[in-house]
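J.: Read off the chains here:
There are 2 protein chains.
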Amino acid sequence: MPSLKPLVDAMYEGVGRVAQRIPEMPVPEVLLVRMLMMTAGALLRGFESQLKPYGLNDSDFRTLMMLYSSEDGSASPGELCSLAEQKPTNMTRIANALAKRDLISRAHATHDRRQVVLRITPAGRRFVTKMLPPLFPPLLQSFACFSPNERKTFERLLKKLALHIDPLVDPDVSP
Amino acid sequence: MPSLKPLVDAMYEGVGRVAQRIPEMPVPEVLLVRMLMMTAGALLRGFESQLKPYGLNDSDFRTLMMLYSSEDGSASPGELCSLAEQKPTNMTRIANALAKRDLISRAHATHDRRQVVLRITPAGRRFVTKMLPPLFPPLLQSFACFSPNERKTFERLLKKLALHIDPLVDPDVSP
DNA sequence: GCCTGATAGTTCACCAGCGAACTATTAGCC
DNA sequence: GGCTAATAGTTCGCTGGTGAACTATCAGGC
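Protein chains in written order, with the numbering used here: chain A, -16 to 158; chain B, -16 to 158.
Treat the hints with caution; some may be incorrect.
Derived DSS-like pairs (lysine-lysine); straight-line CA-CA distance at most 30 Å [to be verified]: (1) Lys143/B <-> Lys(-12)/A; (2) Lys(-12)/B <-> Lys142/A; (3) Lys142/A <-> Lys143/B; (4) Lys35/A <-> Lys135/B; (5) Lys142/B <-> Lys135/A.
Please keep in mind that the hints were generated in silico from the structure rather than gathered at the bench.
Go ahead and model the full structure; you've got the sequences and the hints to work with.
T.: Here it is in structure tokens:
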């Protein structure tokens, strides 16, 4: 895992040099988006390294947590796909893996036999309650650089950004 | 591309339900890190969809841009690896792909024949100057929700966060 | 000069995720 | 009731990225 500091510095320099040749480049925005991706990537890698001992990656983990947090502990692959930003293909594989470990179960829906019902098992619940707490301290540590006010401000701006880019992303808007 | 709004809402709800069962969970931090990853992911997907017509993904693009922005237009794979947060394996493949399109060239360093010198070609420079400007408007649009002050604040906090998690990520610190 | 260890890249085998094609089921419509 | 279109999942083949093993080169001690 490379240290971020030199990367951030190199990025500022590199972007600056490009801007000299292409002056219309929006430097602040480039720096923002790059730093955002860099930071998210570092957090993700750190998180997945914590999940690795449990044999999970972030997608598996999120899938399991969505079932854990659902009202009745069940959901269809399709629902999970949209919530987890996954394609059906991948959700099939994830469900296979989790089912193989008996963390979730598979069944066909009675009212619509096309649908599959994934449900977290008691073993799955025990697994979550056991593995979750150790993840908290590093997470707290990650944001320990923020004062309460800064944390609030950051969350507010981040949420604003998330909801703003929301409608921009989708290219296929032809009805 | 799914819309982010319902995802954000669902996340807030889901995390809330988990917190009822596991009260020691640091809810604000969980929301922060999730929203950060979600936003960065959406921006990345949007960006890569713009790169696709040029036959590049973000890694290819960053590699090419690092060469473009370097002082003399050249660098070794190792340098690019550390700056682009890539493993050597992947950099080999990226360099192969870019070299095949004559956007960069390959040569052995004279002073250390282990090293390889990657250099952006004139065609590569033309390619960059042509493809770069169309990327700017969508990028500006992405952050158009921010006032100048908000943008500054966001960048400041993001940079603070990036530099803070920097030393936390690395697990192998045994000398 | 020569052996040992370190370093720079590459190759190989694998995993995670995706698009396209396919299957099974359901809904709508005549 | 039977045909058509739409929907939910799965399978298959491919791309992007990784760790482990390997090759080639260099550096340092002797």
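J.: Determine for every hint whether it applies to the structure shown.
T.: Now for the hints, and whether the structure bears them out:
For a cut-off of 30 Å, the pair hint linking Lys143/B to Lys(-12)/A stands: about 10 Å separates their Cα positions. For the suggested pair Lys(-12)/B and Lys142/A, the alpha carbons sit about 10 Å apart, so the restraint of at most 30 Å is met. Using a Cα cut-off of 30 Å, the hinted pair Lys142/A and Lys143/B holds, with the two alpha carbons roughly 18 Å apart. Between Lys35/A and Lys135/B the CA atoms are separated by roughly 36 Å; this puts the pair beyond 30 Å, and the hint is violated.
Taking the CA atoms of Lys142/B and Lys135/A, the gap is near 16 Å; set against the 30 Å cutoff, the hint holds.
Violated hint: 4 only; the structure is consistent with all others.
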